[in-house]
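Fit chain to chain and form the complex, with the hints in mind.
Which chain is which? The protein sequence lines are R and C, in order. First residue of the first sequence: 1, per full-length UniProt numbering; consecutive thereafter. First residue of the second sequence: 1, per full-length UniProt numbering; consecutive thereafter.
Hints listed in this document are in silico derivations from the structure and should not be mistaken for laboratory results. Built from N, CA and C at the ideal position, the CB exists for glycine as well. Don't take every hint at face value.
[Stated by the list, open to error] In silico lysine-lysine, PhoX-like type, Cα no more than 25 Å apart, as pairs:
no.: 1; chain 1: C; residue 1: K81; chain 2: R; residue 2: K532
no.: 2; chain 1: C; residue 1: K86; chain 2: R; residue 2: K551
no.: 3; chain 1: R; residue 1: K470; chain 2: R; residue 2: K386
no.: 4; chain 1: R; residue 1: K504; chain 2: C; residue 2: K118
no.: 5; chain 1: R; residue 1: K551; chain 2: R; residue 2: K504
[Unchecked claim] Simulated restraints, written as ranges between beta carbons of each label pair:
no.: 6; chain 1: C; residue 1: A84; chain 2: R; residue 2: K310; range: 51 to 59 Å
no.: 7; chain 1: C; residue 1: D129; chain 2: R; residue 2: I239; range: 46 to 54 Å
no.: 8; chain 1: C; residue 1: N115; chain 2: R; residue 2: H565; range: 48 to 56 Å
no.: 9; chain 1: C; residue 1: A84; chain 2: R; residue 2: S366; range: 29 to 37 Å
no.: 10; chain 1: R; residue 1: A161; chain 2: C; residue 2: E46; range: 55 to 63 Å
no.: 11; chain 1: C; residue 1: D129; chain 2: R; residue 2: R399; range: 54 to 62 Å
no.: 12; chain 1: C; residue 1: H70; chain 2: R; residue 2: H565; range: 50 to 58 Å
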Amino acid sequence: MMSELPDLPDCVISHIFSKLSLKSLVKTSALSKQWYHEWGLRKDLNFDLHNMFDYNTIPKFPITLTLFQELQSLFATRLDNFMQKYHGDMIRSIRINFPLDAHHTHVINGLIHKGVVKGANRIELLFAHHTRHIQPYKFVFPFLSCTNSVTYLHLRNCHIAAPMEFSGFKNLTTLVLQLLPLDQNILQPLFFNCIYLQNLTLNQCTFRSDLTITSPTLLHFNINCRHVIGGMKTNIHIIASNLLSMKYSSYFCPRHTLNFNSPMLSKFSYSCHRISNFVDFSGLKNMKTIVLDRLLDCLQTDVITHLFSKCLLLEHVTFNNCKFTCDLKIRSATLLHLSIVNCLYYKNLRCYDFSHKLDIDALNLSSFEYRSHTVMRPVISLAAPKLFKVFWDAGFRKRNVSNFAKIARLHLVQNLTMNMSFSQIPKLTKDLVRFQNLKQLKLFIVGAYNPKMDYFWILDIAMASQHLQKLSLTIRNGHTERSHMVGSGRQRREYAKFCHNELKYVELHGCVCSINVIELASHLLRSATLLKQITFSSRRNFYIGAGRWSKDPDDCCWFQHDLIHQHLKHEVNQQCHLIIF
Amino acid sequence: MAEEVSSQMNSLSISETNPSSSATISLVSGDDIVFKVEPTIAKEMETVQSFIDETDGKITTIPLPNISSHDLPYVIEYCEKSIAGKITKEFEAEFVKKLNNEEVKELFLAANYLNIKKLLDFLSQVIADRIANKSVEYVRRYFGIENDFTPEEEAKLREELAWTFTGVDPDDEDEN
Numbered sequence: 001m002m003s004e005l006p007d008l009p010d011c012v013i014s015h016i017f018s019k020l021s022l023k024s025l026v027k028t029s030a031l032s033k034q035w036y037h038e039w040g041l042r043k044d045l046n047f048d049l050h051n052m053f054d055y056n057t058i059p060k061f062p063i064t065l066t067l068f069q070e071l072q073s074l075f076a077t078r079l080d081n082f083m084q085k086y087h088g089d090m091i092r093s094i095r096i097n098f099p100l101d102a103h104h105t106h107v108i109n110g111l112i113h114k115g116v117v118k119g120a121n122r123i124e125l126l127f128a129h130h131t132r133h134i135q136p137y138k139f140v141f142p143f144l145s146c147t148n149s150v151t152y153l154h155l156r157n158c159h160i161a162a163p164m165e166f167s168g169f170k171n172l173t174t175l176v177l178q179l180l181p182l183d184q185n186i187l188q189p190l191f192f193n194c195i196y197l198q199n200l201t202l203n204q205c206t207f208r209s210d211l212t213i214t215s216p217t218l219l220h221f222n223i224n225c226r227h228v229i230g231g232m233k234t235n236i237h238i239i240a241s242n243l244l245s246m247k248y249s250s251y252f253c254p255r256h257t258l259n260f261n262s263p264m265l266s267k268f269s270y271s272c273h274r275i276s277n278f279v280d281f282s283g284l285k286n287m288k289t290i291v292l293d294r295l296l297d298c299l300q301t302d303v304i305t306h307l308f309s310k311c312l313l314l315e316h317v318t319f320n321n322c323k324f325t326c327d328l329k330i331r332s333a334t335l336l337h338l339s340i341v342n343c344l345y346y347k348n349l350r351c352y353d354f355s356h357k358l359d360i361d362a363l364n365l366s367s368f369e370y371r372s373h374t375v376m377r378p379v380i381s382l383a384a385p386k387l388f389k390v391f392w393d394a395g396f397r398k399r400n401v402s403n404f405a406k407i408a409r410l411h412l413v414q415n416l417t418m419n420m421s422f423s424q425i426p427k428l429t430k431d432l433v434r435f436q437n438l439k440q441l442k443l444f445i446v447g448a449y450n451p452k453m454d455y456f457w458i459l460d461i462a463m464a465s466q467h468l469q470k471l472s473l474t475i476r477n478g479h480t481e482r483s484h485m486v487g488s489g490r491q492r493r494e495y496a497k498f499c500h501n502e503l504k505y506v507e508l509h510g511c512v513c514s515i516n517v518i519e520l521a522s523h524l525l526r527s528a529t530l531l532k533q534i535t536f537s538s539r540r541n542f543y544i545g546a547g548r549w550s551k552d553p554d555d556c557c558w559f560q561h562d563l564i565h566q567h568l569k570h571e572v573n574q575q576c577h578l579i580i581f
Numbered sequence: 001m002a003e004e005v006s007s008q009m010n011s012l013s014i015s016e017t018n019p020s021s022s023a024t025i026s027l028v029s030g031d032d033i034v035f036k037v038e039p040t041i042a043k044e045m046e047t048v049q050s051f052i053d054e055t056d057g058k059i060t061t062i063p064l065p066n067i068s069s070h071d072l073p074y075v076i077e078y079c080e081k082s083i084a085g086k087i088t089k090e091f092e093a094e095f096v097k098k099l100n101n102e103e104v105k106e107l108f109l110a111a112n113y114l115n116i117k118k119l120l121d122f123l124s125q126v127i128a129d130r131i132a133n134k135s136v137e138y139v140r141r142y143f144g145i146e147n148d149f150t151p152e153e154e155a156k157l158r159e160e161l162a163w164t165f166t167g168v169d170p171d172d173e174d175e176n
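If we strip away everything but chain C, and leave its shape as in the complex, we get (with noise of 0.2 Å):
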């Protein structure tokens, strides 16, 4: 008989255990905000992880000075649910809804720093995404690619893939 198809829905856990014995580790933002989080959630970020492991998880404060507090939330809710299995289009989608593509490009270094590879792949398809439409200069700026083709050069190479240059959307420079 076939297993059941688990649900694709939103869950919501309500666990009344007892409190881990182990501590919770305090994560410290660039700009000194505390995030006590349960070791199961810096097991997700391999950065962390190692951080604790090297120390023989004597030391449980890990400051992070290169993630600020606007971003460490987002990081920590995605290996929340991740943990729990409900990642699923619908979170994905509504996760980076608000988040414009700087704000975006902002939580993927963070992840990079982190190293948290669920999360990396899914940034990656967001900013492939978001960049599908833009035009080369726009992408340039975005990943600071130093355009090194003299105008001639750079002419015949889209009079020769004309195609793939249409359909641009316009910049949108003011992303703040």
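Only chain R is shown next, with the shape it has when bound in the complex (with noise of 0.2 Å):
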């Protein structure tokens, strides 16, 4: 069998070699001798443990500490083997995914060394791991002062030592450090030899002195503290007169100021539990966009206003997760954006409190994302004459729904996106078709199974929304079984006068193989004239704002496709889809 076939031409096999882990790479040179040359041809060097173990036994970290210190030595020398008998000419990158550490700084040294001098623009050294009784390999490179290919440096759990050689990484560009202590001694070298430095990311370092961040090229900055526990109170002063973006996250309370002398700064995310002598915003003049999220603390009107003050030029605005304790006033001609999701409000601490208000005018606000759980229901007031899209979830409660009445009353709303209870869909219909100009509309419904209500409400709504173009429902009632289909053999339900001659694209997810949205796609099928497309599904996952979506829940509906397609294939005209997946 095997002879029979001809043979794959040499570039075929190649290629396939190019697929194989370093381990298996290796093992190809033994083939022949023009095969011995392949692996040299690796330019990207990878080690970790799928690289260096065999494919289907690749082992587990041991608990106990010799066992460790063996596969460490053992993987040690496999590097070291790999590395002196490598024969290529270039290499592009290198990376160790490997808890190595100071003892075998000979061998980490050997690949460095042999890296740069092929021409590596990417360092990678990943060191970590849940042990404390390893001492964390030494970054030091006398060796590396005459070259400068590398522009990508990441470094976790090394050690650096002040005062640090940075001259080596004249043309670095992107710097991540990670899980190490740093102070100024560290840093200051860095910015002095690194004059092409445009990405910087601190991730989980302590820092244990004041820093300050100098470089006028650095375009985007990120300190994550969300898992350092302790450390000192630090200054973080930033001068970077191009830096575009800043993202600050701590899980606990700040221990950092951050001041800033960075006039071009457009773009800021702040994640933490208080802001405490927080920034000061009147330097970021240029500030476009702002992310606040986990603010429990001390976000009060002095705050926001003085936010919006000083950053005249505020196009997108976030809050997410965060706790407001006084009322709410947003004044802004410039806003496009505004998201206010899983917020709280507390005047009293003691007391739950409904007089809470969220006081939003701005002129040229376009979208509006608004998402809040809780039993506490601020008083909104929206004077926003250009808006056009919209989501709101304001919880699956029936008495949730008596905001939403002061959004229907902006009627110029083109794309709305909703979730809502089952029970409170009496309640919101009479808002919904006063929607005139709807050409989207989104809703996600959440509730049990009832056979009793059918889906006509959304034929009222499209009837009253004549430039519908795109209609999307999502149905989550935990029904696994078969019930769904109870009555399918009864006669259908019949809304004798609905017709829409817009309608374009129909999508039903989730629950959705039950009579009741049967009933509703035959409706559609049959008297929306333009229908091209209409889709069954089982996601089931909702929108929540900002972005993000809900995970789907296990538990999945009961779904089939051949009922659907049995219970419509005679409804499905010349110009229309029907798919079901």
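So, in structure tokens, the structure goes:
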């Protein structure tokens, strides 16, 4: 059998070999003299468990120190052997993702040396492991001083000793430092030498002194202190005249005060328990996008007033998981997008408060997102004459519908996304029929399945919105059994006067394998004259605001392709596609 | 607002449109079996498409003497899924599950002849995964590579890089 087939061309075999792990790749050198050189063509050298051990026997990290050290030295020996025998002319990147430590300095230095000499521009040393018994590898490179090829450097759990020579990193554009202690003495020479640095990330580092970040080329700066416990209070002074975006996140109370001297900063994301001695926004005149996340304390009117009075170009504002302790007043003529998602409203910490006010006056606001599932219902007033896109989710309690009437007054809205419960439908339908300019409507509906409830109210809304082009419905009612189709043989109900001349696309997702939904689809198929496509799927994730989607719950609805097809196949006309997946 | 994440589930598409006006293409396998396919499927096969283009679409029956009627349905199935944008990890795993190493190679040769890039790339990975733990001798036989090392040279090489020759699965000679 083997000899019957013609052989594969060499270039094809070479392509296949390029997909082998390092260990299997090296093995091909024993095939023949021609293939002996093949592994030298591998330019991206990635040393991790998958590449250095057998495909189906990748070891787990042992729990005892002795066994762990055995695995370490096995890995290091293999890595060393690979580099000793490697005869490629050019290396593009080197990466170690394995917990090596100071004991393996010789091997690691050998790798870096050979990598840099052969032109590597990307170095990643990712050492980290839960055991505390290892002493981190010490990153020192006197031997790097003659090379400038490296543009990307990522160090995880290394030790950087001051004063650090960064003279070999003149062309560095991206630096990621992770899980290591830092102070000004380490960073100072870095900024002095890396004159092209654009991206800097300090991920889970502990700061042992105040830091001053001085870089005229820096564009993106990210500080993540989420899992750093303890550490002292420090000031971080950022002098970066071209900085465009800044991201700061800390899990606990902030231990860092941020001072900016970055007039170009236009995008700022701040995620922390509280804004303490926060940022003086007065230097940030070009700020266009701001995201405030998880601010549970101290978000009082003065902070927001200060924000809007100093940053006069603000276009995108997001409050996510924040707590408002005062009425919120926003006045802005530049604001285009506003998201207030999952926030809490407390004036008085001892009792629920129903007098909270959200007062928004934004002449040019085009999109507004609101989501709140608490019992606290702020009174919303919204003056936004140009609003055309709305996401609204006020929780699933029956009485939470009250605020929505105010949105319904803004009838220029063309694009509406809404989360609701079945119990809210009768009340909400009255408001929904008031939108007359809707082009796109997405509804996410949750609640217990009720066989008596039909979906003709959707047809009411469609009748009222004669410009509607796209309708999407996602239903989640937790039923997993066939009961959805109970009564499927019954006489279908009719909605005689329904017709629509603009609707083109209909999507029905989630628990839609029920006779009531099929009845709805059947009406749309028969009476929406321009319908191009109708889609059924069992996907049930909900939009939850600020660009996020809920995870699909595991208990899957009962969904059967054939059944839907069988019920609708006779009603599909020539120009319409029925898609079921 | 973020666009909806497209579903990864296998999809069943039922279209009730007008039958396409352009004629179907007939592919004739090496053992003279005719497979009728939509022109969109033919587009996926660069070799077939260039044949059609050269004859200005006048010839719609294309002989494929190098491809057997055993392999052609697999190729067509993959192309159909590919056009529908429904190639998932699950589909790919199922697709090659029943094929032994020789059959994978045969399919690879078919894909290579027809020049279907996506299928070639996928089958390259399948072959790479399957030979990863095989002995050097097996890989030589599989690709028809002649050993031109002297026994001393080979022994020295194996000694120098000893760690890569560990953990080899036994060869399965009888692939049928």
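Against the structure, the hints:
1. K81(C) <-> K532(R): holds, 22 Å
2. K86(C) <-> K551(R): holds, 22 Å
3. K470(R) <-> K386(R): Distance ~21 Å between K470(R) and K386(R) Cα, so the pair holds.
4. K504(R) <-> K118(C): violated, 33 Å
5. K551(R) <-> K504(R): violated, 28 Å
6. A84(C) <-> K310(R): 51 to 59 Å: Between A84(C) and K310(R), where Cβ atoms are some 53 Å apart, the hint holds.
7. D129(C) <-> I239(R): 46 to 54 Å: holds, 51 Å
8. N115(C) <-> H565(R): 48 to 56 Å: The hinted range 48 to 56 Å is violated for N115(C) and H565(R), with Cβ atoms some 36 Å apart.
9. A84(C) <-> S366(R): 29 to 37 Å: holds, 36 Å
10. A161(R) <-> E46(C): 55 to 63 Å: holds, 57 Å
11. D129(C) <-> R399(R): 54 to 62 Å: holds, 58 Å
12. H70(C) <-> H565(R): 50 to 58 Å: At 32 Å between Cβs, range violated.
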